[in-house]
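S.K.: The primary structure of each chain is shown beneath.
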Amino acid sequence: MEPATLQRVIDRAGLDQLLAAIARRGFRLIGPAVRDGVIVYDDISSSADLPAGWTDEQDGGHYRLRRRDDDALFGYAVGPQSWKRYLFPPTSVVWRSARDKDAGQDPGGAADGDANGAPDGAAGAGAPMAFIGVRSCELRAIAIQDRVFLGGQHTDPVYAGRREGVFLVAVNCGQAAATCFCVSMDAGPKAESGFDLALTELLDGERHEFLVEIGTGRGADVMSEVAGRPAGRTETQAADRVTEQTAASMGRHLDTGGIKDLLYGNFENPRWDDVAGRCLTCGNCTMVCPTCFCFSITDVTDLAGTEAEQQRSWDSCFTMDHSYIHGGSVRASSRSRYRQWMTHKLATWIDQFGTSGCVGCGRCITWCPVGIDITEEAAAIRASDGATGEEGHGDA
Amino acid sequence: MTGPPRPTLAVWKFASCDGCQLTLLNCEDELADIAASVQVANFPEASREVIAGPYDLSLVEGSITTPADAERIRAVRDASRFLVTIGACASAGGIQALRNFREADEYLPVVYARPDYIDTLRTSTPIADHVGVDFELRGCPIDRHQLLDVISAFLHGRKPSVPGYSVCLECKRAGITCVMVAHGTPCLGPVTQAGCRALCPSCARGCYGCFGPMETPNTAALSARWRELGVSRPDVGRAFRTFNANSGPFREEAEANDAP
Ligand code: SF4
Ligand code: SF4
Ligand code: SF4
Ligand code: SF4
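The listed protein sequences derive, respectively, from chains A and B.
Quick note: the first sequence uses numbering that gives the first Met the number 0, first residue 0, plus one each step.
Quick note: the second sequence uses numbering that gives the first Met the number 0, first residue 0, plus one each step.
There may be inaccurate statements among the hints.
Only some residues are given here: those of chain A computed to face chain B with a beta carbon under 8 Å [to be verified]:
hint	residue
1	His-61
2	Val-287
3	Thr-300
Quick list of simulated restraints, FRET-style, between CB atoms [said to hold, decoys possible]:
hint	chain 1	residue 1	chain 2	residue 2	range
4	A	Asp-320	B	Ile-117	38 to 46 Å
5	A	Arg-34	B	Val-110	42 to 50 Å
6	B	Glu-27	A	Ser-44	46 to 54 Å
7	B	Glu-251	A	Asp-69	49 to 57 Å
8	B	Ala-203	A	Gly-164	34 to 42 Å
9	A	Pro-269	B	Ala-67	35 to 43 Å
10	A	His-252	B	Glu-251	34 to 42 Å
11	B	Tyr-116	A	Ala-97	52 to 60 Å
12	B	Ile-117	A	Pro-269	49 to 57 Å
13	B	Ala-203	A	Asp-254	53 to 61 Å
14	B	Asp-17	A	Asp-69	52 to 60 Å
15	A	Asp-320	B	Arg-237	26 to 34 Å
Listed below are the simulated DMTMM-like cross-link pairs for lysine to aspartate or glutamate, each with C-alpha atoms no more than 25 Å apart in a straight line [stated by the list, open to error]:
hint	chain 1	residue 1	chain 2	residue 2
16	B	Lys-158	A	Asp-320
17	A	Lys-189	A	Asp-145
18	B	Lys-12	B	Glu-70
19	B	Lys-158	B	Asp-115
20	B	Lys-158	A	Glu-306
21	A	Lys-189	A	Asp-69
22	B	Lys-158	A	Asp-145
23	B	Lys-12	B	Glu-27
24	B	Lys-12	B	Glu-135
25	B	Lys-158	A	Asp-99
26	B	Lys-158	A	Asp-301
27	A	Lys-259	A	Glu-243
28	B	Lys-158	B	Asp-118
29	A	Lys-189	A	Asp-15
30	A	Lys-189	A	Asp-320
31	B	Lys-158	A	Asp-41
For the record, the hints were derived by calculation from the structure and aren't laboratory data.
Ideal Cβ placement from N, Cα and C applies to all residues, glycine included.
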């Protein structure tokens, strides 16, 4: 790799040129912004919209914005939202049908033409999106959802239409939250691949610059319109130090050694009862998880009975309907639902998709209203490997 | 109006504030469609014209608080093919169910000049305690989208789309900041059934529990969290004792916090 050609250094004015160059290519810019006391991903137009000088304080069930003593633009970890919201929207229309006036009582269907059958595919997504400030764990999460929605025999038109052509500007994390454990999941903190451009924010006294790594041809094309200089050894070493420091300050750790067999061998561990006593079955953990993909389908009809549509919305394995099979829910107890969530994330996902379903972003820990911690629960199962309750529960 | 006969709709009021009936009248954009799809046969709040029963769909607002109403609800049930309760009063007993936890006789002389004129039951109870109910629509007041969905579901013979999960799912889908995690504001959302579109959290307030207990509420775990956030036991109990005070899980959690 030739650092001089693939890595450049830009300042804040250069960052604005970079954003403008992406926007000129017809992309809708989406990036971090402060809203209601948290950092969310929203439409932005320049670096002025970024959370300059803000950081976040995170722990189980706890998130607060705090002031930094510098003007860092990316000086925080991940917030409650992930890019999932833009690629796999919380609610979308699967198909729509309108009763053909001449067809009398014919219920119609997707084959009836015109108004019928159009899903929220590419058309629903509008302009192609550029994600600004994607963290390494999030790139990994997007790759995981790509596999879920685009891999295999059937591709998902809603996801595919939005995912197509997304421009990815990654940011290598400059600090880890107390809830981060991407290092354990081999998912960060440095973005290794899957981006068009990757930034490392370099803050050093008076200096406020960004090392830009170019990942694709279109990334290079954008950079050709941005004022900057080739990166030298000082800058690449400074960037390496940023990553090293972040990696060394992970707030949480998860031991993944043999985790699949560990969880498969502990369906009756009494720890599940313990966590069930604390869990609200509220579903927040699955909503904020950047890899959770479950949805439910709802039929919507108008009063007159002339139009019908199927909507899909984010669902969660913590709802009773999620495992409802004719006559009842298979996972009726909180214990079986928490176990489903954690076992899917850390174990069955591996059999299903070939990777872990967890990228160590820590969102499920922070946004659990009672601060239940997947790393702590996994450690507790490991510490009591093989334990069983007084008697089996017999629930699935 | 030509075409096939429309199903008849009746709206009934028991002990309540009228807010849920008003939700129906507030469906301004849809009122014409409602009138086109059902024949409003008995809805004194909207029209003085009353068509005799039986009715295809009865919407019942309010709880049962007097001996006369306990009789009247039977007649309503007999005259209705489908009976749907609307709101926390009809579905859970309402705020007036606070009387269930005290002796109503103690209050009567304080409130009324001539308590001997008052003929009341000692409890406020939901409609389902008295007659069979086909569907209970929660909320204080109900949500107009859910009401329209229930009417539409009835008209087209499908299941209403009224989920039993928590308000938190609505919060997260709408991208609303969690007031409990990000602001430290106590919120009943995790134990409360969705339906309001997370109205209070969207205004940076904690959920008040208007839609009653969600399908599998862990009220004890939420209470413990509220106490960590600095809420006293009596205040936790009061939070559970509002519009759905008489709903099992909320009633029990309030009682658990009464204990010294
Ligand atoms: S399970 Fe938790 S830590 Fe892992 S990816 Fe999902 S939200 Fe992030
Ligand atoms: S953990 Fe639950 S909500 Fe998430 S993908 Fe698995 S089953 Fe679905
Ligand atoms: S683990 Fe936490 S966020 Fe997840 S369902 Fe339980 S209480 Fe809610
Ligand atoms: S604000 Fe309340 S209802 Fe919304 S996610 Fe947080 S705890 Fe749940």
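S.K.: Please name the hints from earlier in the document that this structure breaks, with their numbers sorted from lowest to highest.
M.R.: 6, 9, 13, 19, 22, 27, 28, 30 and 31
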